[in-house]
Amino acid sequence: MLSFWQSRRIPLSWLLLTRQPARLAVALAGIAFAGILMFMQLGFRDGLFDASVTIHKLFDADLVLMSPRTMSSIGMAGFPRRRLIQAMADPQVEGTTPVHWNLLLWRNPQTRSTRSILALGFEPGDPLFIDPGLAAKAQVLNQRGRVLFDELSRPEFGPIAEWFRQGKVVETEVAGKRVRVAGLVALGPSFGADGNIITSRETFLRLMPNTPPGSIELGLIRLTTGSDPAAVAARLKRQLPDDVSIYTKKGFEEFEKNYWRSSTAIGFIFTLGAAMGFVVGCVIVYQILYSDVSDHLPEYATLMAMGYRLLTLLGVVAREGFILAVLGYVPAWLAGQGLYALVRSGTRLPVSMDGQRSLLVFAMIFAMCMGSAFMAMRKLADADPAEIF
Amino acid sequence: MTLPHADPDASVAVFDLCHWYGSGINRRQVLQGIDLGIRPGEVVLLTGPSGCGKTTLLTLVGALRQVQQGSVRVFGRELAGSTRAERQQLRRSIGMIFQGHNLLRCLTAEQNVQMGADLLEGLSYRARRDLAREWLRAVGLSDHLGKLPHDLSGGQKQRVAIARALAAEPRLLLADEPTAALDKTTGREVVELLQRLAREQGCSVLMVTHDPRILDVADRLVQMEDGRLWDAPVPRAQTGQVLVSSD
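Taken in order, these protein sequences are the chains called A and B. In this text, residue positions in the first sequence follow our numbering: the first is 843, and each later residue adds one. In this text, residue positions in the second sequence follow our numbering: the first is 7, and each later residue adds one.
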């Protein structure tokens, strides 16, 4: 405590910045702008990747079986359903659910135009999603030709939820066959699918009569509590033939994200956008700090003549950079929060302010300010105390 | 006159100091074998036409410039061949007052003086602040503690500069034409204040001035021309004050 009072000095950096409020405002606006740009670009990027696994996240599974020919959720290949039954032999496997998965054409009952929708087919008695609410709703699927419609689907599929709530009988065509909407669920559109329907296995096979018998696209495996998914996955991999691939649930999500990451330019575009924000911010902060040092050069030289060390003065500039970083980050974070809410309501992309991104953007703003401060420090070398007399 | 470097107690001892500016064909000698001694508590005024090397001598004594040839000892420490860090350390015990006041624009009068007091080690923040207030009271500015340099008059700014220089408890005060920007009465007041406070602290003063009205505050008057020094008689006090003469 005593040493604090002894080492406490006049907060020169703070006063240098705050006694010129107009310049400070410009600096903070610039930093905040750069920060917002980074938040938006990184948010869109992560949001788009996250959106590609909206459905994946919902499945009640510890391990997942897929065909090795499957590259992504928009092209799911089939594999023998028997593999799932074989997996049941493992003592740590508690239960399995075979799932049919395909993109089918949905006819908008209002405009009569068609659009691809993701259809999932399963035995209505089996657990499918983590959310237990589905099990009760799934009972209606036992009747042939009934589907559950995802009310969060994009509006292009028609005013299904609205009509259904008004008590109308909503019937339309899927893959050229008549279906009736028997209920609503809330899942959310993903990158590959603008909307979702859930149906029974029987109805699904009626919609897709060419599905080879005994072939499914996705196998969900639930393990007994306390078992290690990675270990069981490794064991199953050894036991099952190589006409199936096995993933943990996390790996299943990563597999899908990775498809969009590697086979589209999304990652590159948005990372580039964030980098632009970083560069713009650097230029602004450097300009501000450089002119600040230049303007106060005689004063810095006076301090050196008084016996202050160059290191102390460099510290003043570094602290200015630090203050700018912190003060600029706060409005950027708040504005980012607001804009994310706007994006969520406008596009239904799952964009939110997560800790990791908050930290990343702060690190970038910090690097931007400190880097610029170090550049501006070179100007301090021009402060020659012999010149001020 | 004894050679200054022979006096071990001298605050400043300059011996055969030469200095050049520029290089090659533009090389120009500004100091040509300067000898100068300042005893503790002595007030020495240095006059001479502009461009004769007064300021150069001041920056060499003030450890702001590297000594090229000859010897400069300040408080017994040799500055010829000194490192940057040694000079920076030495400057902490030398107070400087400039022609322009050179106050920090973003700091209040009190904070400016405290920048001087902050160079003292082992004092709490509060003690250093109180010191700054005391010095401002000593220069007659207790009512202007919170004002920015912008809101002070020229004379007031120069007084803040004096308080700042003295707050670091220097043993030597260097002043370069402190009255240049001030009118006659204010200039006189500032210099008398400077002389009185320095004397109270037992601090030596080396002041460069063009101003003939203030020469009588000196214990000793030194004249410089073409890079050489000689002693000149101190004129009688115009105000009738009795001044202590060094002779």
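Some hints could be false.
Sample of chain B residues at the chain A side, in silico, Cβ under 8 angstroms [unchecked claim]:
id, residue
1, Cys24
2, Thr65
3, Phe81
4, Gln94
5, Arg97
6, Arg98
7, Asn108
8, Leu113
9, Gln117
10, Leu126
11, Gln201
12, Leu203
13, Trp236
14, Val240
Hints are computed from structural coordinates only; laboratory data are not their basis. C-beta: ideal position from N, C-alpha, C; glycine also.
Results of checking the hints against the structure:
{"no.": "1", "hint": "Cys24", "verdict": "17 angstroms, violated"}
{"no.": "2", "hint": "Thr65", "verdict": "5 angstroms, holds"}
{"no.": "3", "hint": "Phe81", "verdict": "14 angstroms, violated"}
{"no.": "4", "hint": "Gln94", "verdict": "6 angstroms, holds"}
{"no.": "5", "hint": "Arg97", "verdict": "4 angstroms, holds"}
{"no.": "6", "hint": "Arg98", "verdict": "3 angstroms, holds"}
{"no.": "7", "hint": "Asn108", "verdict": "4 angstroms, holds"}
{"no.": "8", "hint": "Leu113", "verdict": "6 angstroms, holds"}
{"no.": "9", "hint": "Gln117", "verdict": "5 angstroms, holds"}
{"no.": "10", "hint": "Leu126", "verdict": "10 angstroms, violated"}
{"no.": "11", "hint": "Gln201", "verdict": "20 angstroms, violated"}
{"no.": "12", "hint": "Leu203", "verdict": "17 angstroms, violated"}
{"no.": "13", "hint": "Trp236", "verdict": "23 angstroms, violated"}
{"no.": "14", "hint": "Val240", "verdict": "24 angstroms, violated"}
Comparing the model with each numbered hint stated earlier shows that hints 1, 3, 10, 11, 12, 13 and 14 do not hold.
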